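Given chain Z, work out where chain B should sit, using these hints.
Protein chains: 2
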Amino acid sequence: MQQYPQPIANLIDSYKKLPGIGDKTATRLAFYTIDMDEDDVTKFAQNLIAAKRDLHYCSICGNITEQDPCEICTDKTRDQSTILVVEQPKDVMSMERMNDYHGLYHVLHGVLSPIEGLGPEDINITSLIKRLQKDTVKEVIVATNATPEGEATARYIAQLIKPAGIKVTRLAHGLSVGSDIEYADEMTLIKAVEGRQEM
Amino acid sequence: MQQYPQPIANLIDSYKKLPGIGDKTATRLAFYTIDMDEDDVTKFAQNLIAAKRDLHYCSICGNITEQDPCEICTDKTRDQSTILVVEQPKDVMSMERMNDYHGLYHVLHGVLSPIEGLGPEDINITSLIKRLQKDTVKEVIVATNATPEGEATARYIAQLIKPAGIKVTRLAHGLSVGSDIEYADEMTLIKAVEGRQEM
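Line by line, the protein sequences give chains Z and B. For the first sequence, our numbering gives the first residue as 1, with consecutive numbering after it. For the second sequence, our numbering gives the first residue as 1, with consecutive numbering after it.
Where hints are given, some of them may not hold.
Pairs involving identical chains hold if they fit within one copy or between any two copies, as the list cannot separate such chains.
Below, computed lysine-lysine pairings styled on DSS-like, alpha-carbon distance capped at 30 Å [stated by the list, open to error]:
id: 1; residue 1: Lys-43; residue 2: Lys-24
id: 2; residue 1: Lys-43; residue 2: Lys-17
id: 3; residue 1: Lys-90; residue 2: Lys-134
id: 4; residue 1: Lys-167; residue 2: Lys-134
id: 5; residue 1: Lys-134; residue 2: Lys-43
id: 6; residue 1: Lys-130; residue 2: Lys-16
id: 7; residue 1: Lys-90; residue 2: Lys-24
id: 8; residue 1: Lys-76; residue 2: Lys-16
id: 9; residue 1: Lys-17; residue 2: Lys-90
id: 10; residue 1: Lys-134; residue 2: Lys-17
id: 11; residue 1: Lys-167; residue 2: Lys-130
id: 12; residue 1: Lys-138; residue 2: Lys-76
id: 13; residue 1: Lys-138; residue 2: Lys-24
id: 14; residue 1: Lys-138; residue 2: Lys-167
id: 15; residue 1: Lys-43; residue 2: Lys-90
Hint data in this document are derived by calculation from the structure and do not stem from the laboratory. Remember, it's a predicted structure, so these values are computed and weren't measured experimentally.
So that you can see chain Z by itself, here it is in the shape it has in the complex (with noise of 0.2 Å):
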């Protein structure tokens, strides 16, 4: 009775590692990979080791970069008054090709769910309250998604910060209720900063 060889099936465990990725999808992955070009593989193997190796998260606002602290972190041209939350590093991706926000970011790495079982010390809230303490910042905008999670979130962290006196601002309604950042357009997530609200 044979078995898959030993490189093929090492390969199909190491696909199903990732997210969405089951037994089939695995296979298929890997069998497809053997008839790829070589080049393209090699390439493929040293872009994995190269984003493990050179991505971090920036000690200050927790977004992704290979220098820390990050290039906005460091940029002084930026507004350095105002923070806006995400979730995601990919969010403040998303708000940059807006190109209209010109101040600092802060990712959260996540919301509150307790279906999840994540409270407030899961997620990067303490590093923020800690940003504040600085003087320097008037205004937060929470831009967490407009999802149940996202506004309880939102919620908290507005409890949390306006008793120090820093207005605290949501993204208005321009997003679509049950979307995602990652996925608007950048004119609904322009109308979006501009019609904030304080909380």
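For chain B alone, kept in the frame of chain Z given last:
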């Protein structure tokens, strides 16, 4: 305006080369990779390289193998008078798992498909004919998938081989029409081999 850092942009490009993976999924996989265990990422990269480097197609039967000729072609205890023809290396694994067939294999690496412009010269048919000239083969079992292309390929092979006086059989309709061999359960495969009929 900030773009994705180069290492993650490169990794997204590599993921996008895989079949069925578009922009959004590639981005999600790339960000996921950065959060993965470093050992897992290193192993993933090594497995990619090893699979591409150590696996080859058997020069006799076209099956995937670490050694050439493959273990099945060099196993003299196997029935040398029967060749079972399949579309893909995965199908050999499916047949071997059934543990009921002890002859040889031939992997076509595809099927005839006028729509995709695949003719007889694009799949391993010439090498099959060459193997039959040795006169040791008494029967060819055509185990292409029960799809229109698989059936057409089976008929083409039968027409080519029968004049040489070799028995050509096709798997019985234990296989449900329109399905792939890869997904069949072992009993269905056993029934299909038992009920094979001359073409």
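Item to check | Non-conforming hints, listed in increasing numerical order | outcome: Of the numbered hints, 5, 6, 8, 10, 13 do not hold.
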